[in-house]
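K.L.:
Residues per chain are reported as follows:
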Amino acid sequence: MIWLNQIVQGILLGGFYALLASGLSLMFGVMRIINLAHGDLAVLGAFFLYVLANDGGMSPWAALAVVLPSMAAGGWLLQRTMLERSLRAGVLVPLLTTLGLGIVVQNLLFEDFGADQRSLFSNIGALGYDSWRITSQISIGKLSALIFAVAVAVLVALQLFLTRTPLGRALRATAEDPDTAQLVGVDARRVYALAAAIAVAVAALAGVFLAMQSSIQPYSGPGELIFAFETVVIGGLGSLWGTLAGGIVLGVAQNVGAQIDPSWPLLAGHVVFLAVLAARVVLGEIGSRGGLQAVLGRV
Amino acid sequence: MTLLTVEHVDARHGLLHAVRDVSFELGEGETLALVGANGAGKTTLLRTIAGAHRPAAGRVLFEGRDVTRVPPHRRVAMGITLVPEGRRLFGELTVEENLLVARSSGRRGPWTVDAVLEAFPMLEPLRRRRARMLSGGEQQATAIGRALMTNPRVLLLDEVSLGLAPVAVDGVYRSLCSLIERGTTIVLVEQDLGRAMTVASRLVCMLEGRFVLEGDAAELTREQVTEAYFGLRRASRAGSPA
Amino acid sequence: MSTATVQRWTAASLTSSGAVGCLVAALAFVPVALSANATDKLTTFLVYLILAAMWNALAGYAGLVSVGQQAFFGLGAYFAIKLSNAGVGIYPALVLGALCGGAVSVPVSWFMLRLRGGEFAIGMWVVSEIAFRLVILDYSVGGLTGTSIGPALGGFSPSDRRNDNYWLALGAAVLLLAVVFGLLRSRTGASLQAIRDDEEAAASVGVRVLAGKGIVFVLAAFGCAAAGSLWLATSLTFQPDDFFSVKWTAYMLFMALVGGLGTFEGPIVGAVVFFVIQDQWGDQGVWYLVGLGAAAILFALALPRGIWGTVEDRFGLRLLPVGYRLRMPAAGGGGAPA
Chain A
1 MIWLNQIVQG ILLGGFYALL ASGLSLMFGV MRIINLAHGD LAVLGAFFLY VLANDGGMSP
61 WAALAVVLPS MAAGGWLLQR TMLERSLRAG VLVPLLTTLG LGIVVQNLLF EDFGADQRSL
121 FSNIGALGYD SWRITSQISI GKLSALIFAV AVAVLVALQL FLTRTPLGRA LRATAEDPDT
181 AQLVGVDARR VYALAAAIAV AVAALAGVFL AMQSSIQPYS GPGELIFAFE TVVIGGLGSL
241 WGTLAGGIVL GVAQNVGAQI DPSWPLLAGH VVFLAVLAAR VVLGEIGSRG GLQAVLGRV
Chain B
1 MTLLTVEHVD ARHGLLHAVR DVSFELGEGE TLALVGANGA GKTTLLRTIA GAHRPAAGRV
61 LFEGRDVTRV PPHRRVAMGI TLVPEGRRLF GELTVEENLL VARSSGRRGP WTVDAVLEAF
121 PMLEPLRRRR ARMLSGGEQQ ATAIGRALMT NPRVLLLDEV SLGLAPVAVD GVYRSLCSLI
181 ERGTTIVLVE QDLGRAMTVA SRLVCMLEGR FVLEGDAAEL TREQVTEAYF GLRRASRAGS
241 PA
Chain C
1 MSTATVQRWT AASLTSSGAV GCLVAALAFV PVALSANATD KLTTFLVYLI LAAMWNALAG
61 YAGLVSVGQQ AFFGLGAYFA IKLSNAGVGI YPALVLGALC GGAVSVPVSW FMLRLRGGEF
121 AIGMWVVSEI AFRLVILDYS VGGLTGTSIG PALGGFSPSD RRNDNYWLAL GAAVLLLAVV
181 FGLLRSRTGA SLQAIRDDEE AAASVGVRVL AGKGIVFVLA AFGCAAAGSL WLATSLTFQP
241 DDFFSVKWTA YMLFMALVGG LGTFEGPIVG AVVFFVIQDQ WGDQGVWYLV GLGAAAILFA
301 LALPRGIWGT VEDRFGLRLL PVGYRLRMPA AGGGGAPA
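Protein chains in written order, with this note's numbering: chain A, 1 to 299; chain B, 1 to 242; chain C, 1 to 338.
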């Protein structure tokens, strides 16, 4: 039964990972950019909300209405000013740009907030510790459930956006063939900026949830980044729902690993990651149409 | 009325000088056939007119306005659309989605999804099929339909018969004829000389980046065009072959 | 009828190669000629140089972007300590540790090299995290807190230690760069270029893609492991979360891209830039790091081909002869080849 509980917790954690990863997946799938600052942007969003909630006295939910649009605008700006130029210069240049950005964000945050762990736990009242008792050994935290639900909702919204709206179609077309997309009237720069805006806003949302569920500090970014990457890769570079599946696999692996041995959770996740990749290599799927581009179509 | 003017355009691909000092004018309703061997510069010229390629020198004018610096998606909004070589459909999108994407420029006009499907009835049952699963002929029809969705004033077609079975090419040219009847201005790059000469009102032949022959299609003979195509006239003028 | 000739050496490259040879010889005398401080600093620089050259070889020549080279950096140090604890003399342990750390790359390569692009990049990061997690389970080297090799080096005086570290670092750097140089000039070098440009096309003309990548991957691993073991020698303490930190990849990325990816001279330039920044401003705490990040962004935007890449593009300059130059015969037929 304890195992079942760990699996349940792992699934819920998977929702968080999927939320964190979806922005990364979007940027890689549409623009082939590996955003090394993704985790740091999530943390930045969380700190932003932290300030609004604690110094500004806002409720965290109300503050989201400020943070998310601001972060979206930031993502837009980031793409138009830095990433667009970097992409033109070469496929590896965005690595340097986003690396630099991540370092700047981390250290500016440190300059302002110091090394202390911050949490939004105290700002969300009972939600932080309330749970539903399923059996004597299985319980579902209300916050975890909320995060999972939000993750699913975001993925559904993204899927609907991509398949039903003109902008979403334009995004999928541009992801597949930016040159031809331009030739049929799509403004690729606007599309890329939109994708970046969505990616950063969703990252910020994930960061906020991380701060609610546990805590953050200025250098938390890279640690979260690797989980986001693992989620994207496990789920298959190219599937929105795969990202959810990837998150769940990672979450369950970590939780089950923790149950086996308390010093193992992260190791278990990494091993499972490699195992999934190994299975794919064996099954010959590696290197097939990589990127969300292939999947944005198959959404 | 002159719709499109190309003035002394030079275009390069790295070190390759693909288009050399090309100038011509296109009037509304005309159908210009652009012929020439592989590597003559036809595709580069079309891409330069469409905005996908920056010329090293020269200007492109549309309806009198200088569009040389205008990016491709905005030229589509102005009315210049290119059907690229090799179809280049969005493989993961359905036929219908491929058509819908072309509405991004915002140009309104007689061409809608329904109108396109009426013009290419073979596509109707394939509406929801992914574009990469279509046959060559079906893909070409979709590509032309997609371009039509932008309601272009000038339609640039790059090698629409390439890689297609003769029956499929017949179908494509039937649609082209009806487009011409409706008054669409067309620049058609075509390797099949016979086909080109049946639909074109004017013909231009390119060789190594230059225009080497120009004239009304009705007045030019096949022999003249063939000579220009292979550069035989040049060689015979220069004396013994190099 | 004259034919075109292929030139491997030009006047410029002969001169610069000669100059480099003299420079290396001169560098050997540094511990004797310059101050202790200078020796220490140069040792640090040499470690950076090795790291930059290795990442450049991986990404610039083999097209393998790895976010996990710190795995070998840490493993080099780890094996060095294990060997030293087992009774091996400290300096031999450092060398053998590097070799063991590098050797781990061989089995890793069998799997990892079948991955592409982002999967490979992140996969390597995960491999390094796994290496980290496994190393901290080993209490004989202090688990998470780590350990010091101070005692093992106890038999050496500080100045001996410093000088020996320097010569070891110089030797390693020269050796590794010479190997890269030789690789680039060899047939493998040409195949690497082909692989980098178009893997499938290269495979279709008979280039052994996996073998080509494998050579570079293993070489880079040995290089990073050597760097790790050298770092251990200079810093004396082994803290796993420092040695296995992704910051080493960040440094390598910075140096390789700022210097000029895919060029031979690039990593040297990049290492110099990085070293100067570290040396001048390293004690400014957070603002130094902000500056480093901002520098990365600025270089990416202003000089995307890196410093040396831009120089090469602008002036067509290639100092060290890794390429080929085609000399066309003089026009007009007949006559001796150019």
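Treat the hints with care, since some could be wrong.
Listed below are several chain C residues computed to face chain A (Cβ distance under 8 Å; list not exhaustive) [to be verified]:
1) R8
2) L27
3) G118
4) A121
5) R133
6) V246
Okay, the calculated beta carbon distance ranges per label pair [stated by the list, open to error]:
7) B:D66 x A:N54: 40 to 46 Å
8) C:D138 x B:P71: 31 to 37 Å
9) C:A26 x A:D55: 44 to 50 Å
10) A:L167 x C:V174: 40 to 46 Å
11) A:Q137 x C:D283: 50 to 56 Å
12) C:P158 x A:L4: 47 to 53 Å
Quick caveat, the hints were computed from the structure, so don't treat them as lab data.
Please read all numbers here as calculations on a predicted model, not as lab measurements.
Glycine included, C-beta positions come from ideal geometry on N, C-alpha and C.
K.L.:
The structure should be examined with respect to each hint, and the outcome stated for every one.
P.N.:
Structure-based check of all given hints:
1. Interface hint status for R8 (chain C): violated, as the beta-carbon distance to the closest one in chain A is roughly 28 Å, over 8 Å.
2. Below 8 Å, beta-carbon pairs count as interface contacts, and L27 (chain C) has none with chain A, the closest being about 29 Å; its hint is therefore violated.
3. The interface hint given for G118 (chain C) is met, as the beta carbon of that residue sits about 6 Å from the closest beta carbon of chain A, less than 8 Å.
4. A hinted interface residue such as A121 (chain C) counts as satisfied when its beta carbon comes closer than 8 Å to some beta carbon of chain A; here the least separation is about 7 Å, so the hint holds.
5. The closest approach between the C-beta of R133 (chain C) and any C-beta of chain A is roughly 4 Å, which is under the 8 Å cut-off, so the hint is satisfied.
6. A cut of 8 Å between beta carbons decides the hint on V246 (chain C): the least distance to chain A is about 6 Å, and the hint holds.
7. Under the hint 40 to 46 Å, the C-beta atoms of D66 (chain B) and N54 (chain A), about 56 Å apart, miss the expected range.
8. Judged by the Cβ atoms, the range 31 to 37 Å given for D138 (chain C) and P71 (chain B) is violated: they are separated by roughly 58 Å.
9. For the hinted restraint 44 to 50 Å between A26 (chain C) and D55 (chain A), the CB-CB distance of approximately 59 Å leaves it violated.
10. Distance hint check: the CB atoms of L167 (chain A) and V174 (chain C) are about 56 Å apart, inconsistent with the given range 40 to 46 Å.
11. Look at Q137 (chain A) against D283 (chain C): about 53 Å separates their beta carbons, and that is inside 50 to 56 Å.
12. For the pair P158 (chain C) and L4 (chain A), the beta carbons lie near 60 Å from each other, so the given range of 47 to 53 Å is not met.
The structure shown violates the earlier hints numbered 1, 2, 7, 8, 9, 10 and 12.
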